[in-house]
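Trainee: Going down the list, the sequences are from chains A and B.
Numbering-wise, the first sequence is residues 1 to 318 according to the numbering used here.
Numbering-wise, the second sequence is residues 1 to 326 according to the numbering used here.
For the record, the hints were derived by calculation from the structure and aren't laboratory data.
The reader is advised that the hints may include incorrect statements.
[Claimed, not checked] Chain A stretches covered by chain B per the calculated footprint, using a threshold of three residues with CB under 8 Å from any CB of chain B:
no., segment
1, 88 to 98
2, 157 to 167
3, 204 to 216
4, 250 to 256
[Said to hold, decoys possible] Between beta-carbon pairs, the in silico distance windows are:
no., chain 1, residue 1, chain 2, residue 2, range
5, B, Ile5, A, Leu226, 55 to 65 Å
6, A, Ala212, B, Ala127, 56 to 66 Å
7, A, Pro170, B, Arg7, 41 to 51 Å
8, A, Leu234, B, Arg226, 49 to 59 Å
9, A, Gly222, B, Arg7, 47 to 57 Å
10, B, Asp124, A, Leu134, 43 to 53 Å
11, B, Thr248, A, Ala293, 31 to 41 Å
12, A, Leu313, B, Met132, 44 to 54 Å
13, A, Gly135, B, Phe164, 49 to 59 Å
[Said to hold, decoys possible] Selected chain A positions facing chain B (in silico; Cβ < 10 Å):
no., residue
14, Trp28
15, Ala146
16, Val148
17, Leu173
18, Arg196
Because the structure is a prediction, the values reported are computed rather than measured.
Glycine included, C-beta positions come from ideal geometry on N, C-alpha and C.
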Amino acid sequence: MADLPRTGTPAPAAPGRLRKAWDSDIVWSFRHAPVAVVSLVVVTLMVLAAVFAPLIAPYDPFDPGTLNLMNGFTPPMEPNAFTGDTFWLGTDDQGRDVFSTILFGLRISLFVGFMAVALAMVLGITLGLLAGYLGGWVDTIIMRVADVQLTFPAILVAMLIFGVAKGITPPELRNEVAIWVLILAIGLSDWVQFARVVRGATLVEKSRDYVAAARLIGRGSGAIMLRHILPNVLSPVLVIATISLALAIIAEATLSFLGIGAPPTQPSLGTLIRIGQGFLFSGEWWILLFPAATLLALALAVNLLGDWLRDALNPRLR
Amino acid sequence: MLAYILRRIFQSAIVLLVVGLVAFSLFRFVGDPIDNMLGQERTQADVERLRETLGLNEPFVVQYAKFLGQAVQGNFGMSYRQGRPVAEILMERAPATLELAAVSGVLALSFGIGLGVFTAIRRDGFAANAIMTLSLIGVSLPTFLIGILLIYLFSVELGWLPSFGRGEVVDLGGWTTGFLTPSGLQALILPSITLGLYQMTLIMRLVRSEMLEVLRTDYIRFARARGLRDRAVHFRHALKNTMVPVITVTGLQLGSIIAFAIITETVFQWPGVGLLFINAIQFVDIPVMAAYLMLISVMFVGINLIVDLLYVMVDPRLRGDSARGH
Numbered sequence: 001m002a003d004l005p006r007t008g009t010p011a012p013a014a015p016g017r018l019r020k021a022w023d024s025d026i027v028w029s030f031r032h033a034p035v036a037v038v039s040l041v042v043v044t045l046m047v048l049a050a051v052f053a054p055l056i057a058p059y060d061p062f063d064p065g066t067l068n069l070m071n072g073f074t075p076p077m078e079p080n081a082f083t084g085d086t087f088w089l090g091t092d093d094q095g096r097d098v099f100s101t102i103l104f105g106l107r108i109s110l111f112v113g114f115m116a117v118a119l120a121m122v123l124g125i126t127l128g129l130l131a132g133y134l135g136g137w138v139d140t141i142i143m144r145v146a147d148v149q150l151t152f153p154a155i156l157v158a159m160l161i162f163g164v165a166k167g168i169t170p171p172e173l174r175n176e177v178a179i180w181v182l183i184l185a186i187g188l189s190d191w192v193q194f195a196r197v198v199r200g201a202t203l204v205e206k207s208r209d210y211v212a213a214a215r216l217i218g219r220g221s222g223a224i225m226l227r228h229i230l231p232n233v234l235s236p237v238l239v240i241a242t243i244s245l246a247l248a249i250i251a252e253a254t255l256s257f258l259g260i261g262a263p264p265t266q267p268s269l270g271t272l273i274r275i276g277q278g279f280l281f282s283g284e285w286w287i288l289l290f291p292a293a294t295l296l297a298l299a300l301a302v303n304l305l306g307d308w309l310r311d312a313l314n315p316r317l318r
Numbered sequence: 001m002l003a004y005i006l007r008r009i010f011q012s013a014i015v016l017l018v019v020g021l022v023a024f025s026l027f028r029f030v031g032d033p034i035d036n037m038l039g040q041e042r043t044q045a046d047v048e049r050l051r052e053t054l055g056l057n058e059p060f061v062v063q064y065a066k067f068l069g070q071a072v073q074g075n076f077g078m079s080y081r082q083g084r085p086v087a088e089i090l091m092e093r094a095p096a097t098l099e100l101a102a103v104s105g106v107l108a109l110s111f112g113i114g115l116g117v118f119t120a121i122r123r124d125g126f127a128a129n130a131i132m133t134l135s136l137i138g139v140s141l142p143t144f145l146i147g148i149l150l151i152y153l154f155s156v157e158l159g160w161l162p163s164f165g166r167g168e169v170v171d172l173g174g175w176t177t178g179f180l181t182p183s184g185l186q187a188l189i190l191p192s193i194t195l196g197l198y199q200m201t202l203i204m205r206l207v208r209s210e211m212l213e214v215l216r217t218d219y220i221r222f223a224r225a226r227g228l229r230d231r232a233v234h235f236r237h238a239l240k241n242t243m244v245p246v247i248t249v250t251g252l253q254l255g256s257i258i259a260f261a262i263i264t265e266t267v268f269q270w271p272g273v274g275l276l277f278i279n280a281i282q283f284v285d286i287p288v289m290a291a292y293l294m295l296i297s298v299m300f301v302g303i304n305l306i307v308d309l310l311y312v313m314v315d316p317r318l319r320g321d322s323a324r325g326h
């Protein structure tokens with residue numbers, strides 16, 4: 001079914017792999033969802049901008065040598081009154097180019113987001129597989145912990161973990177490890193969704209014939225879980241991962257905005273918004289607006305992509 | 001039934017014990033309490049004596065039990081940063097958070113139900129569609145950006161409402177209230193909208209979908225056939241049946257309101273418990289962190305327990321043993 005072209009044009013004589021992929025269900029539905037296409041373009045552009053930030057950014061916002069305090073508070077697209085320099089999106093109080101700080105902020109935000117989701121995913125999938133496949137007391141303990149964690153909002157759990165971890169690390173290391181603590185906090189606050197879905201899917205797969213066959217030929221539990229069941233439970237995980245990414249990015253921004261996230265030496269988008277809020281009353285709107293708009297566009301695009309993916313991978317909802 | 005209730009209570013107790021253990025470990029292992037109390041010039045004998053009087057030489061379990069005993073009595077130690085008993089600070093801050101949460105809750109419920117019914121009845125109308133689209137944006141905007149947006153509009157541009165603090169408060173025997181002064185009421189408006197917006201959209205969407213479901217049922221058709229007025233059908237018959245899920249969600253959201261109050265309080269510099277907690281994390285004020293951790297867990301676990309038990313009472317199908325007779 002998946003290989004049949006949906007469009008009216010006759011299939012080429014020998015479709016290559018690429019052609020096959022282009023005509024597959026998922027790509028077909030993607031091509032016909034303009035919102036998803038735009039979202040993917042936005043996300044891709046932002047990821048590229050973040051990865052190549054050091055090459056793209058016109059200034060290095062963290063090199064004090066290139067900073068000129070005289071450039072402070074330059075409005076966007078206007079030459080500075082003293083130096084005559086022009087900045088696309090203006091500068092902040094210390095004369096840092098807002099466009100460059102956003103690029104580097106995006107880098108931190110996306111890095112924390114991706115790493116946190118990866119952590120949550122690995123943890124959730126592992127525990128979900130174990131709970132679903134082994135059952136018994138392993139299942140009981142894991143799911144009980146998951147239930148308890150679900151009673152608390154994820155952002156609160158992340159705050160608590162951040163606070164505890166901050167307390168444990170010695171003061172002189174706090175700024176250095178802050179990013180990793182942030183990843184740990186958001187990742188640990190978000191694994192339950194993954195575990196629940198994987199456990200549910202594993203319970204279904206466990207009773208299939210191929211699992212029984214694998215057991216009969218003497219494969220171990222670990223191999224069955226990883227090589228046979230895991231590939232079959234991955235598609236709902238993909239949907240949750242995308243939606244989790246949006247949530248993780250917002251969670252990171254929220255924590256950093258509250259001053260309990262990325263340190264001022266490594267500002268994320270949330271830190272930049274926190275800094276910008278201070279200039280709300282004095283009229284320097286650009287220091288706040290551009291990082292906030294970037295965060296919103298990013299979160300919205302990832303969310304919309306997740307929504308589309310959920311509908312596309314779940315035929316029952318179509 | 002009784003077994004289920006007992007099991008739920010037992011589970012809740014375990015959760016609280018674990019949270020207590022985390023809080024206790026914070027005290028015990030984060031920074032040496034001896035370092036916090038004795039200065040640079042100390043002898044080994046001083047340290048030993050203090051360890052003995054503080055009970056730090058006793059077995060871990062004994063120390064933990066003592067800690068729990070103190071916590072139950074509301075004694076969480078002294079704040080490292082303010083040098084005052086944590087319980088006293090918490091009591092001082094609690095009214096601000098509770099008032100904010102109460103106003104947001106009322107806002108969310110009244111507007112959520114009202115708009116939910118409206119969008120369900122006029123499901124194809126322009127206004128209803130506009131409200132639904134706006135609610136989507138409301139859900140995807142992070143709370144702190146909503147707060148900043150409101151400050152920008154109503155404080156910076158229009159200059160109508162204050163952007164921070166509680167305004168003038170009246171002290172009613174230990175309970176400070178902002179309800180009694182004009183500036184106190186003004187100061188409540190923006191933070192409570194910020195805090196309540198998410199819950200409002202949630203309730204609105206829930207009421208809408210439940211209403212749409214109920215309006216399709218036979219008894220509503222009969223009510224219409226009997227010639228009842230629209231108003232009576234919608235509010236007396238339909239709305240009543242959408243209330244069970246709404247009450248459940250509202251109950252569970254109570255905890256979230258308190259948790260999200262942390263963000264709102266920071267944006268508006270609202271002198272509540274949430275702002276206290278954020279400051280405690282920033283300055284690693286462990287007694288305050290531990291106390292907040294335990295307080296909020298008691299609240300969440302309590303709310304969940306009550307909601308679960310109410311469920312069993314309301315819905316006979318959940319009463320495991322008695323349901324098997326069907």
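Trainee: In ascending order, which of the hints set out earlier in this document are inconsistent with the structure?
Mentor: 1, 3, 5, 9, 12, 14, 15, 17 and 18
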